[in-house]
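S.K.: Sequences and hints are given; from them, build the entire structure.
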Amino acid sequence: MKPVYILNDNIITSLGFTTAENMAAIERGVIGIREVTDPGLYPSPVQLSLVDTKRLNARFSEILSALHKPLPVDSFTRLEKFMILSVYDALENQPVKPGDPATLFVISTTKGNINLLENRYKTLFNHKRIYLWELGRTIQHFFGFANTPVIISNACVSGVVAVMTASRYLQSGAFDHAIVTGGDIASEFVISGFQSFQALSPVPCKPFDLNRTGLSLGEGCGTMLLSVNPGSSPEPRIRIAGAATTNDANHISGPSRTGAELAEAMRRALAEGGFSLSEADYISAHGTATPFNDEMESKAIELCGLLAVPVNSFKGYWGHTLGAAGLIESIAAVSSLRNNLLYRSAGFDTPGVPSPISILAQNLRKEISMCLKTASGFGGCNAAIIYHKN
Amino acid sequence: MDLYITSYCLVRDNRVVVNDRLVFYQENILKFADFIKAVYQQGQINYPKFYKMDAISKLGFVAAELVLKETSTEGLDSGAIGVVLSNASSSLVTDIAHNETIKDRNGYFPSPSVFVYTLPNIVIGEICIKNHFKGENVFLISESFNARLLHDYVGELFENGRVDACLCGWTELNGDIFNAMTVWVTRAGFTNSEAGQSYRPLLFSAENMNVIMSHN
Numbered sequence: 000m001k002p003v004y005i006l007n008d009n010i011i012t013s014l015g016f017t018t019a020e021n022m023a024a025i026e027r028g029v030i031g032i033r034e035v036t037d038p039g040l041y042p043s044p045v046q047l048s049l050v051d052t053k054r055l056n057a058r059f060s061e062i063l064s065a066l067h068k069p070l071p072v073d074s075f076t077r078l079e080k081f082m083i084l085s086v087y088d089a090l091e092n093q094p095v096k097p098g099d100p101a102t103l104f105v106i107s108t109t110k111g112n113i114n115l116l117e118n119r120y121k122t123l124f125n126h127k128r129i130y131l132w133e134l135g136r137t138i139q140h141f142f143g144f145a146n147t148p149v150i151i152s153n154a155c156v157s158g159v160v161a162v163m164t165a166s167r168y169l170q171s172g173a174f175d176h177a178i179v180t181g182g183d184i185a186s187e188f189v190i191s192g193f194q195s196f197q198a199l200s201p202v203p204c205k206p207f208d209l210n211r212t213g214l215s216l217g218e219g220c221g222t223m224l225l226s227v228n229p230g231s232s233p234e235p236r237i238r239i240a241g242a243a244t245t246n247d248a249n250h251i252s253g254p255s256r257t258g259a260e261l262a263e264a265m266r267r268a269l270a271e272g273g274f275s276l277s278e279a280d281y282i283s284a285h286g287t288a289t290p291f292n293d294e295m296e297s298k299a300i301e302l303c304g305l306l307a308v309p310v311n312s313f314k315g316y317w318g319h320t321l322g323a324a325g326l327i328e329s330i331a332a333v334s335s336l337r338n339n340l341l342y343r344s345a346g347f348d349t350p351g352v353p354s355p356i357s358i359l360a361q362n363l364r365k366e367i368s369m370c371l372k373t374a375s376g377f378g379g380c381n382a383a384i385i386y387h388k389n
Numbered sequence: 000m001d002l003y004i005t006s007y008c009l010v011r012d013n014r015v016v017v018n019d020r021l022v023f024y025q026e027n028i029l030k031f032a033d034f035i036k037a038v039y040q041q042g043q044i045n046y047p048k049f050y051k052m053d054a055i056s057k058l059g060f061v062a063a064e065l066v067l068k069e070t071s072t073e074g075l076d077s078g079a080i081g082v083v084l085s086n087a088s089s090s091l092v093t094d095i096a097h098n099e100t101i102k103d104r105n106g107y108f109p110s111p112s113v114f115v116y117t118l119p120n121i122v123i124g125e126i127c128i129k130n131h132f133k134g135e136n137v138f139l140i141s142e143s144f145n146a147r148l149l150h151d152y153v154g155e156l157f158e159n160g161r162v163d164a165c166l167c168g169w170t171e172l173n174g175d176i177f178n179a180m181t182v183w184v185t186r187a188g189f190t191n192s193e194a195g196q197s198y199r200p201l202l203f204s205a206e207n208m209n210v211i212m213s214h215n
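Protein chains in written order, with numbering that gives the first Met the number 0: chain A, 0 to 389; chain B, 0 to 215.
Treat the hints as calculated values from the structure; they're not laboratory data.
For glycine and all other residues, C-beta sits at the position ideal for the given N, C-alpha and C.
Wrong hints could be hidden among the right ones.
[Stated by the list, open to error] Below, computed lysine-lysine pairings styled on DSS-like, alpha-carbon distance capped at 27 Å:
no., chain 1, residue 1, chain 2, residue 2
1, B, K129, B, K51
2, A, K365, A, K96
3, A, K68, A, K121
4, B, K36, B, K129
5, B, K68, B, K51
6, B, K30, A, K127
7, B, K102, A, K127
8, B, K102, A, K121
9, A, K388, A, K1
[Stated by the list, open to error] Below, a sample of chain A positions facing chain B; criterion: calculated Cβ distance under 10 Å:
no., residue
10, Y87
11, D175
12, G376
13, G379
M.R.: Here it is in structure tokens:
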């Protein structure tokens, strides 16, 4: 099969508006989750990782000017601004042209413009704007993409599945390039829902830690530019070497008790790349910091015989960003591959999962050539993808 | 590689069609909740968890079960059975229901049993739990039924040996307007269950999915 390379990427979170800004903050150990008091988001204070709205609007306004689009900044929703800024940054100085019919466009989101259900937005936007296909169309038309986007909405594995889907289309020869963008916003809709599950932590989340008390929500966006032509890819070149999804067939809102199905997705992804299990150098886990998720992941890692492989979760930095998570965490993992620097799993002090996995308690300089990225979500879905350095 | 649609199910308006047979018909158009309950009961699906599902999951679940009655999964590895579904409105109906519970600060009662269904792929979870399917699964969104998208996605799964069988389709519900279509896709040589013996499989193609979808 054709190798698929990562040409460029972008991350927008509380920690910055580019991949470089985000990774520099993570290297310094900056945590983007803080207590937020905003009645527009939740009736009482809540731990959140939020994108800086002032900076978002300022940058968005710059882009509208640069592209000679005389449109008001507020004619776009918060999520549309995330996605447009992120795609714009990932495409800058790249040979891939949006209008090229050989460029595929893939979107990952769980809730899209869900805030438009709120009364305060109802009069500001056309009612169609709440549909995910309309979100796709808005971004498509902004950039003039030749192709209608493929839209993935598959709970918390959406981001990994979007990269996997783009990679499969490219490998099949149907397209030469792909722009994959994934995003979600913090909203009262989502915060109140997770709060009703009593899943939210009263302190910034602590993935895999003994004292973890649930997840922290975040918002953000990530974009990857993929191509079968490595031409403009920075060295070292990183390619997507395999990916798989599985389903637990166990429970719609709780993970598998054994981790067998996530382990199966990991094995399949490695096998597709022609790798043995022992070749995995680093695991970028889902690590939501809920008791059951982290437990299940540790069991899956043990089932694959990967107890000695360094593992981290990025959710201690920027929270659980839902449809963005699989993308931004993949991009962070790719950054580790490029720089041979593994990042501390923020919030982790004391091992608190049943299987003795090797959680990164400190940043670690290490020569690595392969990363296994995993994700799991509601609906019993699991996904795994391999990033490999040639 | 030749792939076949060995069974299909259509659920719409006031009727259900399975493999060219009209299996359910109501003269009067019922409200969705009453309609789907009647279809479930007549279909003798017998799965009490059905009653706690949200509307969109009920629709997809029933459309899946009626196809699966016609087929046989004997000899198939559960990890090699995929589910690929799609729609236009995601989980909007249930999103609105969850939103109703948080609109009023004096009557704030968000419920986990509603919130969990505010994801379109939950119906895939329900189908997988009932049938022990553990293979590839994804939920795709498109403005209208996109046979090409489904065909290409599912075709790739077979082409690269990721699945041996796949449930595939469209499960759309918006307000009281609904439309579901499910097909069971397998390689050549697959035999249906006794119920589905009389159906002559169709080649799995975007064109044939469109033909099924346009069935009246």
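S.K.: Out of the numbered hints, which ones does the structure contradict?
M.R.: 2, 10 and 11
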